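Starting from the known structure of chain A, arrange chain B on it as the hints suggest.
Protein chains: 2
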Amino acid sequence: MAAAAPPPPPTGAPITLPESDPSGNTLFTRIRLATVYDVPHIHKLIHEMAVFERLAHLCEATPESLANTLFPPNPPPPFTSFTVFLLELSYTPFPPTPQNEQFNPILKSIHLELPIEDPEREAFRSKAIDVNVLGNDVIVGGFVLFFPNYSTFLAKPGLYIEDIFVRECYRRKGLGKILLSAVVSQAAKMGYGRVEWVVLDWNVNAITFYEQMGAKILPEWRICRLTGDALQAYAHTNT
Amino acid sequence: MAAAAPPPPPTGAPITLPESDPSGNTLFTRIRLATVYDVPHIHKLIHEMAVFERLAHLCEATPESLANTLFPPNPPPPFTSFTVFLLELSYTPFPPTPQNEQFNPILKSIHLELPIEDPEREAFRSKAIDVNVLGNDVIVGGFVLFFPNYSTFLAKPGLYIEDIFVRECYRRKGLGKILLSAVVSQAAKMGYGRVEWVVLDWNVNAITFYEQMGAKILPEWRICRLTGDALQAYAHTNT
Chain A
1 MAAAAPPPPP TGAPITLPES DPSGNTLFTR IRLATVYDVP HIHKLIHEMA
51 VFERLAHLCE ATPESLANTL FPPNPPPPFT SFTVFLLELS YTPFPPTPQN
101 EQFNPILKSI HLELPIEDPE REAFRSKAID VNVLGNDVIV GGFVLFFPNY
151 STFLAKPGLY IEDIFVRECY RRKGLGKILL SAVVSQAAKM GYGRVEWVVL
201 DWNVNAITFY EQMGAKILPE WRICRLTGDA LQAYAHTNT
Chain B
1 MAAAAPPPPP TGAPITLPES DPSGNTLFTR IRLATVYDVP HIHKLIHEMA
51 VFERLAHLCE ATPESLANTL FPPNPPPPFT SFTVFLLELS YTPFPPTPQN
101 EQFNPILKSI HLELPIEDPE REAFRSKAID VNVLGNDVIV GGFVLFFPNY
151 STFLAKPGLY IEDIFVRECY RRKGLGKILL SAVVSQAAKM GYGRVEWVVL
201 DWNVNAITFY EQMGAKILPE WRICRLTGDA LQAYAHTNT
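In order, the protein sequences belong to chains A and B.
With the first letter of the first sequence counted as 1, position 72 gets the number 72 in full-length UniProt numbering; the numbers rise by one all the way through.
With the first letter of the second sequence counted as 1, position 191 gets the number 191 in full-length UniProt numbering; the numbers rise by one all the way through.
With the rest of the complex left out, here is chain A (with noise of 0.2 Å):
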């Protein structure tokens, strides 16, 4: 919302802004494709979305596991199997970034009315390959991990989403919907039919955030899963 400008301070008076000036600070964010040299990061950002869901018992992700499973060697081209796009936060602009044929980062900038205490900001300094050149003031914010999924319908792949997730103290400032807007421009780029996620049915919040971006939230389908010992189970007593 536009706000009427302050009156001018009495002329002699030293200036301060008020504390919600919203020319203040900017926040400038990059989306990038994650590689090996970020899994500690994803790790810790795995297990911070476990904490705040309360599953925290259920996360047996190790940062070799994911290694393993992420970064495997030979990788598959982006986009073709488990993709991770890493959201990064800079005080000062990111470089124009070199053309990349996997992948060109994507530059944004958010206007912040006051500056953010990040107190894990030593924990979450990025490992990007292009460190030296942007500086040691690049932080990792947040994750998007997707890989394709498949409709027979439209005999077309669409664009799967795990989990996507921003730190705590970067919340609400409209970086999970640039995280979003990333992988569904990206399934439109490839001519891919849709994006797909799951939302738990009492976030109204987010479910009303989903409607508004154009999603349809299909009532009827649930999720079956098999896994654990009732996998093994039925693998065993049925081959």
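These are calculated hints, taken from the structure and not from any lab test.
These figures come from a predicted structure and were not determined experimentally.
Heads up, some of the hints might be wrong.
Any copy will do: because identical chains look the same in the list, a pair fits if it lies in one copy or spans two.
Said to hold, decoys possible - Calculated cross-link-like contacts (lysine-lysine; reagent style DSSO-like; alpha-carbon spacing at most 27 Å):
(1) K173 - K44
(2) K156 - K127
(3) K127 - K216
(4) K44 - K156
(5) K189 - K44
(6) K156 - K173
Coordinates of chain B only, in the frame set by chain A:
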């Protein structure tokens, strides 16, 4: 169930087997990886599935679009992307198949109370590459299409079943279970963490069947889908 033996026929009378004689017919089944030669059958199966679901108006798949997306040039190894198992049926046993480094076909058999009338027998004659060895007696009865998904909490891939379909005249004989088992066994063999699929919440029979096999139905999660014009609009207003 074991049935009491029928009394012996009077001496000299012709032996007529009762209609429900369980020793009458054996249907041999084979699960194998589909190839591009199977696309016409896969297309027909998808169309029959759409008609069964009363969603034929939403089915845009053509043989060409299926061939392009399921069997692209330089295909990735099976199970790393979209994968189709075909269910083949024959009244004569399948010969042992040579060891295949990608996937060894799964051979089973089921006992029928009565022979099955298949009104589309001619249209579904198998295009198996070993059809010359097999003779012309092999019929395609169904398919399952699946692909890898990923759990960040487990840091492991899983398999997601997009569609499983058995032609109408072959239903209620355990053939769907044979297709499902093949996918579950493959997941276990690869050390994957989960097999997942979706079910309509009013399909009580299916839910009971899945729960009896050890699957959990997740009550709270809802699928969100961005597709068609809404996907294009969102992609282009956010780049």
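*Compare the structure with the hints numbered earlier in the document and write down the numbers of the violated ones, lowest to highest.*
Structure breaks hints 3, 5, 6.
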